[in-house]
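There are 2 protein chains.
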Amino acid sequence: MRPRPIFYVSDGTGITAETIGHSVLTQFDGVPFVTRRLAFVDNAQKAVTAAEEIRHAGDESGVRPVVINTVVDGHLSQLIAESGALMLDVFAPFIPPLEQELGMPRTPKVGKAHGGADTAEYEARMNATNYALTHDDGVQANFSDAEVVLMGVSRSGKTPTCLYMALHYGVRAANYPLLPEDLEAGELPAKLRSQRAKIYGLTIDPRRLHQIREQRRAGSRYASMEQCRWEVEEAERLFKRENIPVMHSTHMSIEEIASKVMQSLGLNRQLY
Amino acid sequence: MRPRPIFYVSDGTGITAETIGHSVLTQFDGVPFVTRRLAFVDNAQKAVTAAEEIRHAGDESGVRPVVINTVVDGHLSQLIAESGALMLDVFAPFIPPLEQELGMPRTPKVGKAHGGADTAEYEARMNATNYALTHDDGVQANFSDAEVVLMGVSRSGKTPTCLYMALHYGVRAANYPLLPEDLEAGELPAKLRSQRAKIYGLTIDPRRLHQIREQRRAGSRYASMEQCRWEVEEAERLFKRENIPVMHSTHMSIEEIASKVMQSLGLNRQLY
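Here the protein sequences come in this chain order: A and B. Reminder that position 223 of the first sequence reads as 621 in this note's numbering, one-by-one numbering, no gaps. Reminder that position 218 of the second sequence reads as 616 in this note's numbering, one-by-one numbering, no gaps.
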């Protein structure tokens, strides 16, 4: 089967088009796709150029391209449709029922879904990202201004999950790596005892941990199966003894971990 | 006007529901909303609980709630619809035309759009995130394995943009902060000369830079209007002299900057 060309076409970044397109395409397993994002298509000339590229991809592959479209200007969408592709308009199905329910017409806004760096929310996200970067190694004196403290052994997924929560939800997420000395002590480090309600534990399959650490420091004691198994066992024991909720990160993406941790701690933040 | 309750309901993280919901709602300016995400609604009991919460929000606010729904199981969606909310199903409009075009029925997959940490793409994202974290201050000896090098004065938006590109597109994004000594030298640092094709410059309104730096080190020379103005002027002069493409980050979000930089450098990566 020849791969079918999929185009995410947007007058902005194309993030909305690609997010929904990706979700829909995962429901057609086994169909080969090649995807391409055409962002910032916000005038007639760019729309005509986009249509040419889409038509060309269809001619080359011999299968009709599919366009996942979030361009809000109807005229530009028509120009893109002249490519001959199957046009799937992301917004069209939602607008009429919402207009009716809300009793007002929409105001089409070009490229604004992810736009703008001039809002309080955006500043909160940037501040949270700085917070996550500066509270990433457990050396901070206190965690009183953290909203979440992820805890786990080295390479259990804490850092990228914290960055994700900060960048997208503006959550001040700190992390605390459980070092061998913490595991030997077998109790929460003193500076974290008062923060217990915000702590969430991450654990991981020791074999997966071993693989990940081998990529970083092959052949080291740090990466050895024995060390990984000991650390994970002790960390899980600590979480249990201290009554800290735990999640197994082995087969979960950072998006899933973040979503579950925030739900569990009652952090209902808007996604950006 | 009473704020209208909006629920993002999903059998997974709710990211797709919230992304499209946010895009659609920005087109109804001036309507007050309160949004809430109900994630991992993947069995009948959770669907009934969700419906109760939605109905309750409608009763309390006196306005009918709106549900942006990505639950793929039709039976669960029906249970949620019993809340009386306006149901907007994200996938429904796209499935029939795609089934027809592709000549096959979809395979509904619960919560899988953002799932899974077991793919090569996921590993690439995590590796890229580590790369961005370890190539964040310009001290590295070389940038030969970088795909992008963002360059700009301190606090011009380099770090969060690099993290975003790494986390979501798996792009190995490094950044190089232009320090006063680089600006005085007035030319590209030696170790970056061979990497010119990957370098993208960020610049920023000096007044905005002054505000941002004041938040970090109030009253410092670093944050002073005079210093900010000098650094930005010299950085822009350097970019021009060295023929480096430049973007003004002042009013742009990291999503917009990332999207434009990747488009400009021809990096067509899938979004996760």
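No lab work stands behind these hints, which were simulated from the structure alone. A few of these clues could be false.
You can't tell identical chains apart in this list, so a pair holds if it fits in one copy or across any two.
[To be verified] No farther apart than 27 Å at their CA atoms in a straight line, the calculated lysine-lysine pairs in the BS3-like style are these:
1. K658 x K444
2. K507 x K658
3. K507 x K596
4. K596 x K658
5. K507 x K589
Status of the hints after comparison with the structure:
{"no.": "1", "hint": "K658 x K444", "in the structure": "between (41 Å within a copy, 15 Å between copies)"}
{"no.": "2", "hint": "K507 x K658", "in the structure": "between (32 Å within a copy, 19 Å between copies)"}
{"no.": "3", "hint": "K507 x K596", "in the structure": "neither (39 Å within a copy, 33 Å between copies)"}
{"no.": "4", "hint": "K596 x K658", "in the structure": "within (14 Å within a copy, 37 Å between copies)"}
{"no.": "5", "hint": "K507 x K589", "in the structure": "neither (48 Å within a copy, 43 Å between copies)"}
In terms of the numbered hints stated before, the structure departs from hints 3, 5, listed from lowest to highest.
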